[in-house]
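Chemist: This is what each chain is made of:
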Amino acid sequence: MRALVLGALLCALPCAARAQDRPVLLTNGVAHLGSDVPQAGCSILIEGRTIRAVGLGLEAPAGAEVIDLQGQHVYPGLIDADTVLGLSEIDSIAGPKDTEEVGQINPNLRAELAVNPDSELLPVARTGGVLLACVGARSGLISGTSAVIRTAGWTWEDMTVRAPAALMVRWPDMRIDRSGQHEKTVEEQLEARDGQITSLDEAFANARAYWRAREALDAERMPGDVKWDALRPVVTVERGAYAQPRLAVSVFADRLGEIRAALDFAERHRLKLILVGAADAWLVADELAQRNVPVILGPVQSLPRHRYLGLRSCYEVAGKLHAAGVKLAFSSGGDTFSVANARNLRLQAAQAVAYGLPVAAAERALTQDAAEILGVEDRVGSLEAGKEATLFVASGDILETTTRVTRAWIGGRAAPLRDRQLELYEKYRERPR
Amino acid sequence: MKPAAWILWLATTAAAFAQEAPPADSPGGQLHGVHALVDARVVTRPGVVLPRATVVIRDGVIEAVGAVSVPGDARVWDLSGRTIYPGLIEPYRLLDPSPESEGAAAAQAGARNPNPKVRAARDVSREAGLSDDARKALRAAGFTAALCVPERGIFRGQSALIALGEQPLGERVIRARVAHHVAPEHRGWGDPGYPNSLMGAYALIRQTAADARHYEIAHAVYERAPLNQERPALDADLAALSQAISGKAPVCLQAKDAQEAVRLGGLVDELGLSGWLVLGSNDAYRWIDDLQEAGLPVVATLNYPPIPVWEGEGEAVEVDPERLRAWHLAAEDPSRLEAAGIRFAFSAAGLQDPGELRARVREAIARGLSEEGALAALTTAPAALLRAPQLGVIAPGSVANLTVTNGDLFAEHTDVVSVWIDGRRHETLPPVQRADWIGAWELDVQAVGASITWRLEVEEDAGELVAELSPWTEEAGEDEDEEDPQDLERATPRLTGRELRVTFPGRMVGGRTPAEFTLTHLGKLARGSFRAPDGLAGELNARRVPPPVEGEAAAPADELAVSVLAQPSWPPLPEEAPDAVLVRGATLWTLGPQGTFTGDLLVKRGRIAAVGSQLAAPEGALVVDARGSHLTPGLVDCHSHSFLLGVNEGTRSCTAEVRMQDAIDAETPRIYEQLAAGVTTAHLLHGSANAIGGQSVVVRLRWGENGDDLVDAEASPTIKFALGENPKRSNWADAPARFPTTRMGVLESIRERFQAALDYAIEQATWSQNPDPDRIPPRRDLQLEALVEVLRGDRKVHCHSYRQDEILGLIRLAEEFGFTVGTFQHVLEGYKVADEIAAHGAYASTFSDWWGYKFEVYDAIAYNGALMWERGVLVSFNSDSSEMARRLNQEAGKAVRYGGVPPAEALKFVTLNPAIQLGIGDRAGSLEVGKRADFVLWSAPPLSMRARCQQTWIGGQRYYDLQRDGERLSAHLAERDALLAAALRARSQPGARVGGWRPTFAPPREKHEHVEQGCCQ
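So the protein sequences, as listed, match chains A and B. Under my numbering, think of the first position of the first sequence as 1, with each following residue one higher. Under my numbering, think of the first position of the second sequence as 434, with each following residue one higher.
None of these hints come from the bench; they were simulated from the model. Among the hints, erroneous ones may be present.
Which bits of chain B does chain A cover? Going by a derived footprint, with three or more residues having C-beta under 8 Å, they are [what the hints assert, rightly or not]: (1) 743-753; (2) 1022-1030; (3) 1174-1184; (4) 1276-1285; (5) 1402-1416; (6) 1425-1434.
All C-beta atoms, glycine included, are put in the ideal place defined by N, C-alpha and C.
Could you put the whole structure together from the sequences, leaning on the hints where they help?
Modeler: Following this line, the structure appears as structure tokens:
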């Protein structure tokens, strides 16, 4: 089983695909390179699976297909940093839904194993420029590990960029109803809540003890445990070889109480923490920046968590976190309802831009910063020579609704932008009157 | 209850009472019936105090009061030091659930109403009533009579005014059948019995009122002419309502909060009832003007919300300012009722112990209620309400119901010493135990010519009581070490009943021999006397010395850094409407013949007066400089549930009688939240649980108005229909089997109802053309009447639909019955049958791009709006979500992205087109002269993701202004901080009320549950 994990880790690039037959040179594009002003008149050379060169006035290699973009914009593939793309097809139907597992502590559930490469949701997501996604299950306290996938590919292995990408934890609700109206007493509520935190602590403590013992015995004689094996990359075993965890723990926590508890938890167990959801994170923005905790935001288009802090407070979260120096990524929502519209990821960022997030920061949060948070920045997330050619062309500013994605490449392969919706549209548009 | 049912009930539940039990005691020993209560302070009625008077009681009735002589046959009671009040009256004592009420939830025995929630024939005077313990607790609180109220159902039955003494029930009933009791009770989704929703409850009330009127006529006609017509059913509940529905007998309506009270006040008016309201909350401050206007008396409960409590930063941030305000303002509420001139009485309903009521009243007095008003609310006001003039005052001829205290009724240390009920005395102080004496007492001794004060310290030592007597000094309690043992006398007191006997040296009062005094325990006071063998005698009055308070006394809760007004500082109410407004220099998206251009908009008296360039400002006009901004018509949301207290009456597959207007939540800040996003009008629909849902309602977002005043009376009446998975109940695992479960069945269930409506219309028309006094007239059916309106074209069907087959099916069904479907809602496969929709003449209101959340929307496409538009269907985009409602302008942009609709046409998807679909296209939706001045200012082109709403106007009145919003929000935050600090202080006070609280009329389920789930997609 560990070998399998390792295999997935090493599976950096699409393995079983037809590469781009010949080099492609995109010319006269407005390239979004992560700086404040996009580069006009830019060319990008794609060879095989890789961006070979980015710059002004590139020469087309022999046999290259040259595409004049006529001033259209080129972006790195957008990353939906928290979603269930590929894991769920139709919200109301259990059959094709692989997001909820029995049990509270499931570190060994690997998201990539259940990704359906032929999900109809994937092409729809691509039309919104979502070429990469971090996917995972969402049940229990430890839901499993997430995987960064490409939104096109022949198999889940072909699609996987990095797995595991993070260990996913869903922080328990910290709220206690002290009004007397709750069916449980305050003490019962506290007991239930703290019991959940104890199970999380216990999981990590057990895993640590297991690995210390394993390394001390220096033998495979000790009986294995699938759960504690899976926790190896996130626990720090002081006497062992790894002083730093190799894998981040992404903790879903929206409210301030949960965020605080998650921060304490990360401190307690020396975890590399990513906050997910994080609606209230702006209330502790400086602390997050100081502790270098990145944030994967839940939907920006949402209702204000605390109206008394302003009706736009939910739209301003990203801008405030950015201003404080917190690294950000966006997500389409992470549930089985909103997954169908992962294509609107860019609009979540656009909403944040209207309420204070600089455009360049929004674009980086959709691409490069998300890649860094998810540990895939060496391969994707920017238009740079040597990076994987996962990029798209758009008719204009992707932060405007009316902009269309016109072409896309994923891992150097042209990704189809025809989806079921377009096909039905064309079919019924042709229906005789 | 008819005699037959009565006997049946006796036989099944009370067999033990079927025969009179033999007497258990020997005869004789009658209670004396004539009493004179002398030397008391007597409050004969609120505001009238006789400092020293006598009350004479004869055979349960007050014979005389004042400086009157004591009749020779009277037993004399020395009540010096006591105050006598008119006996307090509890006007709303809900009965505890009993087999009679609970068991009958399934069905009622006998000829009763088929709906077990209609139990109007229930007569509390025929039931066991309050238990001994319940009566005792009420007496201890000072009550002498209580209205016993049936506790369950919608038409709950009739109450009885009952004396709280210990005679047999028949002797205690002051009045039977005082009022009918009605409550819009609803138990939520889990209750399979119709109705389970708020609006369903209102619908049942209306239909039952109509049925009761019809019942009376039907039986009268049949009595006269029983031949050749069907015998009308016997229904004890409808029969019982005959006086009430004609306004001749009072109806008491229970409201869980002020908003509900306002709505019920409207219902009283609508149905021509008379009566009063019971208010289960203390939030009249929200709707005081509307309550005043309703003009109905109110029974106010005083179950103030507890002090909000939180621990730590994480919980503090979750404390909603509205909760803080509700807590802080509750005790002030009675004074607002008083100031508004609303007649009110108090009830202890909702309090765990009715004995807490006086403390609540004391709080209300501290917050501005007059003492007279407070006493009236417990005496004369309930007596008037319950039409019992013989109660509530101490006057010759009144019932001898008295409440006797040892001080002012509302003072903190006052106890109710006894109550007199029907001329019989009831001790109300609890029996005294040894522990009740322990502690320090200040003892005033009045001997012949001497007045001295002692300190009496009662302690327990090795299981024995020990009394220490010493001369009183103020400091005595604090430094006991310095007590001069010379002055200390120790004794072993004896305890008998309420009395404590202590022997003490006579020299302490200047006597020679040891003497003994007796003290009678009266709560926080004690009274007594002594007599020494040498003839020396005197009186004693003792007062309990409170133990020293630890730490400093906390500040009073109302000492705040800011003043908390009834109207919150935020969300703010709109500014006064100016007579004229000129908006200058904006890019105007007129959506009319003038197109889009930069110019001015002139508004006069709420309507658009001119749209053009370089318009002149009329005298006194408000001029808004809007250069750089974009101005569009107000957004219209054709599908919303955002401002509703309930969404589905899901118990039946047709509920056309249900009206969403009855469930409007005018208090939800979502109204303001959506104003801040440019929404000015919203269509609030019934949910999609039923093939035929309820009557929907169009509201204008006039924040601050009550539910009925939010309604857009000019919009066309609508009704919700639903097809597909929801009415089939495909996605609810635990739904009980119900027809229909197929798409064919859904259409047939609709066809059946239209057939019934058609027959009904013919029946009614035939009757009205040729009414026959010897024939029973047809019954009014509010459900079928709504469907007849549809058949006539007066009520527009808005049909939740997804798949093309069902859309086409309803079109053909409508054509069969000769009406046109108004608007297909959602209509996500509308693009497949756009030609058919257009040919039929229906409109379409869809989501811009939602899809994939269930199987029937797997073929939904983002191009749907554009494709239907291309094919000539009038299209709108709606939200069906409180979140999406905040960005409808962005949704319109998706019609440009998917299908290339031109921007101005796309903007119509969220303005003019939904306005047309709601029948207000000639009044709203575009910037044209004569239309309502409903408009929005944006910071950027409205379809741009960069556009932020700057101002929202409705009818020429500014309801949202970004800058004002920010200013008021700062004040709101300051108020919240001050209230948080006050709550912190308050919870550290002794006896602070935290937790353990239930709403007075607790809803069986959370009110917003179904709305939050966005049930309707």
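Chemist: Count the residues of the region 743-753 of chain B with a beta-carbon closer than 8 Å to any beta-carbon of chain A: does the count reach three?
Modeler: Coverage by chain A holds for the region 743-753 of chain B (9 residues, Cβ < 8 Å).
Chemist: According to a criterion of three or more residues whose C-beta lies within less than 8 Å of a C-beta of chain A, is the region 1174-1184 of chain B covered?
Modeler: violated (count 0)
Chemist: Is the listed coverage of the region 1402-1416 of chain B by chain A valid when you require three or more residues with a beta carbon under 8 Å from a beta carbon of that chain?
Modeler: Since 4 is at least three, the answer is holds.
Chemist: Are 3 or more residues of the region 1022-1030 of chain B near chain A, judged by a Cβ distance of less than 8 Å?
Modeler: violated (count 0)
Chemist: State whether the coverage of the region 1276-1285 of chain B by chain A holds or is violated, taking the criterion as 3 or more residues with Cβ-Cβ distances under 8 Å.
Modeler: holds (count 4)
Chemist: For the region 1425-1434 of chain B, count the residues whose Cβ lies under 8 Å from any Cβ of chain A; is that count three or more?
Modeler: holds (count 6)
In the structure shown, a violation is registered for the earlier hints numbered 2 and 3, in ascending order.
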